[in-house]
Amino acid sequence: MLLPMTKIQIVGSTEKLDATLRALQRLGTMQIQDVAEAQEAPLLAKLSPDRHALEQRDEISALVARLGSFSGLLLPEVRVPNVAPAYDAASLRTTVDLIADAKQLIAEIGPAAQTLALRRDELQAEQASLTRYQAMLHKVLPLSAEIPRLDGYETVVLLIERRSSAVLDLLRQKLNEAIGDRFEVNARHVDQQTTAAMVVFPRDQSEQVNALFGRENISPLHLPQELAGTSLRDALTTMERRLAEIPQAIEQVSRELQGLGASSSAALLLLRAALSDRLAQMEVVSLVGATRYTFVLVGWLPRRDLPNLRQTLQREVGPELCVEEMKISREEMKQAPVALANTPVVRPFEFLVTLISLPRYGALDPTPLVALFMPIFFGLIVGDIAHGILLTLLAALLYRFCRTPIYRSLVQVMFICAFWTILFGIIFGEFLGALGHQIFGLKPLWIERSGAALKSLFAFAVAVGAAHVLLGFVLGIAEAVRARSGKQLSERLGKFIALIAVFWLVAVVAGTLPKTLSTPGIAGLIVGMVLLSLPLGWIGAIVGPIETLGLIGNVLSYLRLAAIGLSSFYLAEVANRLYGISTNIALGAIVAGLLHALNLAIGIVSATIQSLRLHYVEFFTKFYEGGGAPFRPFKQSGV
Amino acid sequence: MDLTTGLLAIGAGLAVGLAALATGWAQGRIGSAGVGALTEKPELFGSILIMLALPETLVILGFAVAAMIILLLKAGA
Chain A
46 MLLPMTKIQI VGSTEKLDAT LRALQRLGTM QIQDVAEAQE APLLAKLSPD RHALEQRDEI
106 SALVARLGSF SGLLLPEVRV PNVAPAYDAA SLRTTVDLIA DAKQLIAEIG PAAQTLALRR
166 DELQAEQASL TRYQAMLHKV LPLSAEIPRL DGYETVVLLI ERRSSAVLDL LRQKLNEAIG
226 DRFEVNARHV DQQTTAAMVV FPRDQSEQVN ALFGRENISP LHLPQELAGT SLRDALTTME
286 RRLAEIPQAI EQVSRELQGL GASSSAALLL LRAALSDRLA QMEVVSLVGA TRYTFVLVGW
346 LPRRDLPNLR QTLQREVGPE LCVEEMKISR EEMKQAPVAL ANTPVVRPFE FLVTLISLPR
406 YGALDPTPLV ALFMPIFFGL IVGDIAHGIL LTLLAALLYR FCRTPIYRSL VQVMFICAFW
466 TILFGIIFGE FLGALGHQIF GLKPLWIERS GAALKSLFAF AVAVGAAHVL LGFVLGIAEA
526 VRARSGKQLS ERLGKFIALI AVFWLVAVVA GTLPKTLSTP GIAGLIVGMV LLSLPLGWIG
586 AIVGPIETLG LIGNVLSYLR LAAIGLSSFY LAEVANRLYG ISTNIALGAI VAGLLHALNL
646 AIGIVSATIQ SLRLHYVEFF TKFYEGGGAP FRPFKQSGV
Chain B
2 MDLTTGLLAI GAGLAVGLAA LATGWAQGRI GSAGVGALTE KPELFGSILI MLALPETLVI
62 LGFAVAAMII LLLKAGA
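Which chain is which? The protein sequence lines are A and B, in order.
First residue of the first sequence? That's 46 in this note's numbering, and the numbers climb one at a time after it.
First residue of the second sequence? That's 2 in this note's numbering, and the numbers climb one at a time after it.
Hints were generated in silico from the structure; no laboratory data involved.
Ideal Cβ placement from N, Cα and C applies to all residues, glycine included.
Don't take each hint at face value.
[Stated by the list, open to error] Some chain B residues near chain A, calculated using beta-carbon distances under 8 Å: (1) Gly47; (2) Leu55; (3) Ile61; (4) Ala68; (5) Leu72.
Build the full structure now, drawing on both the sequences and the hints.
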């Protein structure tokens, strides 16, 4: 259900504005609306903050950003303390005090934290760089062993892609042109992609050779600066020693960051939250209207929270504050923000409804209906005891690891779906397809999906569809009556009558009803088509019959409940038969197990999507009015 | 099995197979456009799911026709 909302107006003297906003933020039950958008007060001027307030807002904004960056740096290193009990006291302090404390904290931890963070970044960069060099030197080292050490000669290493190794002939030619034959190029393939080349030349020719490399865009392998001039083997030894030291150095820096985080995390969290909230208070001021001495604040809140809001404002701000419930027109009420308030069993399904959009304020909240039908459809499709048990175990496992509310609610949905899957598994007598029947003689309570009762299964799926669609129309008619919309009422009533008439006529054709009763069916069809065509005018004469055909399509769409379930049953059967025909029992069991796992995975995904689709496309279109704006109360950011 | 039965069985297969091809073609086009839209606006997930699921009615109707033919065959057998 939707929480009943009301719109209120708070009027008070300007000096009480800060205290009022603080109290409202602590309560966290009111969504403040821009006073310029409120129909009752469109001519009120906005409260414009003075220069000092703007400067303070900028200062707080910068401090919040800095505290946030320190939190990002230090808090992952420590166990975050619970500072919620201390937050109330912190939130009551003056803005000036909070700013001073934040500056002091930043001065205390900032330099050390920045130095440590920089040190850690440098160490990590050095580690990455040395690892890269180490890999290259390992490739080059066998080559250097082939060249004798010569005094007065310089050695340069080039790494070339193996497919481009022909470029070495060109290099020899260019070197010959530059310094004559006073050089040696020794090359070999060091792995599948790389050719290493070692160029040896007299040190006094270094300038010409390097100029040639520059001209030809050749990048020799340079060792890190601190290792320049050492031999490749020595450089590699030094690198390996350094690489062994770096993890310990990083560990040491992390320990120091942990120490810093442990001593400052509580203050960091409190100040960041308190200043963020103060910033939000300053920003909300731009929504407030004002005269010379008074402010006017307009907003929405759940009606049930109004008495508490009045009491709190009276206690914390003063009795002179005027809190007035505003008279709202029917049209304006449609713009009210929407908050869903369902029972704990139904609440997990709210997410599935909001995937489409929130219901418009005043419209029907379909969450309880989704909570009722969606798991039933899911169970009807999967309908297997073993799959239900596995789904329960999977949900239990996920429940342990999922912390976010959305994932938790999805896991709760999984539990409910698993229950219906087991229940329909008992009804269909299925345990991994027909394996339950073969092993422990499991028998269906009602419908057997193995083919003998195919007709009953299809009839059942269509009957479920007809009931679901007709329920949608009943709700749609009720909504149209409540909204006093003649057009909607005529269209929905027409479709409802036409659909019943179609089923009536089908029953007559099938011989379930006597042929003499075909006249009421034809009459109902005509009445229904006329009613649904009325709001469309003359074009209704064309659209009416098409819409009626569409209704039959809507109901037949529920055949998927049987069709997808059947495919799941037959996939399980394939797995069982593969096991049966396999001469190698272990291999047969593995293949069958994998197929059953695939079947379960497909079953979960497909059954979820198809059940939701039936709701979104076939059911919601009969009555649902979405497009509601979510209720976003002005509240504390939380610690 | 006589020729008529065989042709009916082929007809049932074609009814569901061609409908499945059409559904797959439509879903492929909607899906690629939908994924593109989702990268820009993740909040459209629900609407895109609906659009993606719409062509499935085709294959379900194909399945209904195929099932009717199979049931006809069984009744005749």
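Status of each hint after checking the structure:
Restraint check, Gly47/B versus chain A: the minimum CB separation of about 4 Å is within 8 Å; hint holds. Taking 8 Å as the C-beta contact cut-off toward chain A, the hint placing Leu55/B at the interface holds, the least distance being around 7 Å. Hint on Ile61/B holds. Least Cβ distance to chain A is approximately 5 Å, under the 8 Å limit. The criterion of a C-beta within 8 Å of any C-beta in chain A is met by Ala68/B, whose closest approach is roughly 6 Å, and the hint holds.
For Leu72/B, the shortest C-beta to C-beta distance to chain A is roughly 6 Å, which falls under 8 Å, so the interface hint holds.
Violated hints for the displayed structure: none, as all numbered hints are satisfied.
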